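The task is simple: from the sequences and hints, build the whole structure.
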Amino acid sequence: MTDLPLGMKYYLLILTSSLIEDLNDYGVKWVANEPGVAVGDVERAFFTARAIQSRLPDEPGQADPRLWPDLMKSIHTIRRVLDVVEKTTFDAVIAEAMETTSSIARADIRQIFDEKRATGEVDFRLHSLLNTPPETDKPDPAVKEAFMLKRARRYTSFMAFDGASLNQDEKVILADAKALARHIMDGDRENRRIDALLVMGAVLIETGSVRLKTNIPVLIRDSFDRMATKAAMALGAIVYRDNYRDLKQALGLELLDSDL
119 MTDLPLGMKY YLLILTSSLI EDLNDYGVKW VANEPGVAVG DVERAFFTAR AIQSRLPDEP
179 GQADPRLWPD LMKSIHTIRR VLDVVEKTTF DAVIAEAMET TSSIARADIR QIFDEKRATG
239 EVDFRLHSLL NTPPETDKPD PAVKEAFMLK RARRYTSFMA FDGASLNQDE KVILADAKAL
299 ARHIMDGDRE NRRIDALLVM GAVLIETGSV RLKTNIPVLI RDSFDRMATK AAMALGAIVY
359 RDNYRDLKQA LGLELLDSDL
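Whatever position you read off the sequence shown (first residue = 1), add 118 for the working numbering.
Hint data in this document are derived by calculation from the structure and do not stem from the laboratory.
Fair warning: this is a prediction, and the values are worked out from it, not measured in the lab.
Hints may be right or wrong, so weigh each one.
Simulated restraints on C-beta separations [as the list claims (entries may be wrong)]: (1) 174 <-> 375: 23 to 31 Å; (2) 267 <-> 367: 37 to 45 Å; (3) 280 <-> 238: 24 to 32 Å; (4) 330 <-> 187: 35 to 43 Å; (5) 338 <-> 158: 32 to 40 Å.
All C-beta atoms in this analysis are idealised placements derived from N, C-alpha and C, irrespective of residue type, glycine included.
What follows is the structure, encoded as structure tokens:
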């Protein structure tokens, strides 16, 4: 288990800490009363959280190699409970990235067209698209165009993000996320992971930037700090999906709803 990528190890450490935090935030009594959650699973989750928390190192290099399979088993135990409570999925992130309407799409394209024209550039393709009404009962091509333009803008912003506000573990995950995004955009644009990557990248940029603003109240900064950590964790889930699945399979653990 020592051949895991460094970023994957950081991801497992961040994920474990975050899951323990979420579990404690909900509280044992509240979780136990949630429909669909077995009391035995709740007890195992909280016991596992307490047992593994004391073994978490600050850096992957400080960890006993036997920690990684134990971490995965702990993650699996806790997630079995939190999945029922939170009910979040990868497809929901994809849907959010792609969801738009014809009117919104055309408004977005109009804005981009006007911005280009203001700089002296006339995009005749966008002009033609804006002046061609969508056919009845057929998908509006403006929707796909607006989506691709939004993807391109998100990609540019993501690749330009220097991660100055991030912690070391988050920077390692960001670097691997950028490498994956570049690989997909260079030759595999139908890969659904690109849009989840860019959406979570945008969240990381927004939340991470708050860390650098010293004029914001501490309570708000702490909240955004936690959100930035979760955004980095979500990026890790996308980037290390195959490594994560391979490790679970090697340990004989079934995939859960929250596993990408």
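> Which numbered hints does this structure break?
Replying inline: Violated: none.
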